[in-house]
Amino acid sequence: MFRKKPMALALSTVLVLTLSLVGCGGKPAATGGDKEVKPIIVKFAHVVTPDTPKGQAALKFKELAEQKTNGKVVVEVYPSSQLYGDKEELEAAQSGNVQIIAPSVTKLVGLNPKFQYTDLPFLFPNNEAVYKFFASDQMKGLMNSLDKYNLQGLAVWPNGFKQFTNNKRPLVSPEDFKGLKFRTQAGKVLEAQFKSLGAGSATIAFGETYAALQQGTVDGQENTFNNIDTQKYQEIQKYLTVTNHGRLDYMIIVNKSFWSGLEPDIRKALDDSMAEATKFAVEQAELLDKKSMDNLKNSGKMQFTELTPAQLGVFQETMKPVYAQFESVLSKELIDAAINAGQK
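Residue numbers for the sequence shown follow my numbering, so the first one is 45 and each next one is one higher.
Derived by calculation from the structure, the hints in this document are not laboratory data.
Some hints here could point you the wrong way.
Claimed, not checked - Quick list of in silico lysine-lysine cross-link-like pairs, PhoX-like style, CA-CA up to 25 Å: (1) Lys345 with Lys335; (2) Lys376 with Lys239; (3) Lys276 with Lys334; (4) Lys222 with Lys282; (5) Lys312 with Lys82; (6) Lys276 with Lys345; (7) Lys341 with Lys282; (8) Lys104 with Lys176; (9) Lys116 with Lys323; (10) Lys158 with Lys239; (11) Lys364 with Lys158; (12) Lys176 with Lys334; (13) Lys282 with Lys212; (14) Lys276 with Lys225; (15) Lys276 with Lys212; (16) Lys335 with Lys104; (17) Lys87 with Lys345; (18) Lys232 with Lys364; (19) Lys106 with Lys87; (20) Lys131 with Lys158; (21) Lys158 with Lys116; (22) Lys212 with Lys345; (23) Lys112 with Lys323; (24) Lys323 with Lys312; (25) Lys212 with Lys239; (26) Lys225 with Lys364; (27) Lys87 with Lys323; (28) Lys184 with Lys312; (29) Lys239 with Lys282; (30) Lys192 with Lys131; (31) Lys335 with Lys276; (32) Lys87 with Lys112; (33) Lys364 with Lys376; (34) Lys176 with Lys376; (35) Lys116 with Lys131; (36) Lys232 with Lys335; (37) Lys341 with Lys212; (38) Lys104 with Lys376; (39) Lys376 with Lys106.
Start from the sequences and build out the full structure, keeping to the hints where you can.
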């Protein structure tokens, strides 16, 4: 269970949100009686492979942080759930067993159900609208809501839009979903999304998804091109439908007590490093998304279905009731802010 600790949080924006850190802190422990000090160890744990946008940005942050602090900080990156999986990483960050995590925004619904905004189907028309929403007051409010859990949001890193895959048949219309079961992240919006399509859903940890697909526990899943590619779902899924129906983005979160206890010059260096890593994350997300889409399309292992605007319109109309169902949970103001971000 999360322990609530009221704390304050100040945010600023760099393309996507990054944190301007202020405060006081303690000095790292010295070795022996000389002036040499031990480096501050920052453990950065995440659940995807190093060749994903998040994996690459985490390594970029490590490089920049160690460089900008002249070795006073050493960042240890643990990819692919090596340290903690989906289910454990939030509590590990809260307790200080790890200093930085990068969960999918959807994984934060247990702390604030408004984070389910990212799962509303067809909420954003393009990447530009997503980035604009990241910089909005609504997103600042969401990030501020984490401080009572001894967690602090530093940035939002994009991955991309989600697509559907399955092992039974091409998904060209909502009727094609009936009777199928899909792996999802946790969240009532995702359950409602699949229910609107006549499909079932099961919450399964990211690291366990390949086995669930392989064993037939579920028939399909939804994910970004890059995650489908790097997790090698093309080996066990026959059909992919391009829908861009939802988002998969990551919140970069630190243990607040640890972060506020750093010396101001160290925090400034890490803040600058995060700002640069965030810009890099945006570039990598777009680059790797396109690369993985081409890899999957050209692999010959999956039937690749691209829907017409009319076919997509049928999906949008079918899923539209999900908005009304969750307006009271997400708030009309938040939904409107997201929609307005996509307006020219």
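Against the structure, the hints:
no.	hint	result
1	Lys345 with Lys335	holds, 16 Å
2	Lys376 with Lys239	holds, 22 Å
3	Lys276 with Lys334	holds, 16 Å
4	Lys222 with Lys282	holds, 17 Å
5	Lys312 with Lys82	holds, 19 Å
6	Lys276 with Lys345	holds, 10 Å
7	Lys341 with Lys282	holds, 12 Å
8	Lys104 with Lys176	holds, 23 Å
9	Lys116 with Lys323	holds, 23 Å
10	Lys158 with Lys239	holds, 20 Å
11	Lys364 with Lys158	holds, 18 Å
12	Lys176 with Lys334	holds, 21 Å
13	Lys282 with Lys212	holds, 7 Å
14	Lys276 with Lys225	holds, 20 Å
15	Lys276 with Lys212	holds, 17 Å
16	Lys335 with Lys104	holds, 19 Å
17	Lys87 with Lys345	violated, 37 Å
18	Lys232 with Lys364	holds, 15 Å
19	Lys106 with Lys87	holds, 10 Å
20	Lys131 with Lys158	holds, 19 Å
21	Lys158 with Lys116	violated, 37 Å
22	Lys212 with Lys345	holds, 14 Å
23	Lys112 with Lys323	holds, 17 Å
24	Lys323 with Lys312	holds, 17 Å
25	Lys212 with Lys239	holds, 18 Å
26	Lys225 with Lys364	holds, 21 Å
27	Lys87 with Lys323	holds, 21 Å
28	Lys184 with Lys312	holds, 20 Å
29	Lys239 with Lys282	holds, 22 Å
30	Lys192 with Lys131	holds, 20 Å
31	Lys335 with Lys276	holds, 14 Å
32	Lys87 with Lys112	holds, 17 Å
33	Lys364 with Lys376	holds, 15 Å
34	Lys176 with Lys376	holds, 18 Å
35	Lys116 with Lys131	violated, 31 Å
36	Lys232 with Lys335	violated, 32 Å
37	Lys341 with Lys212	holds, 18 Å
38	Lys104 with Lys376	violated, 37 Å
39	Lys376 with Lys106	violated, 39 Å
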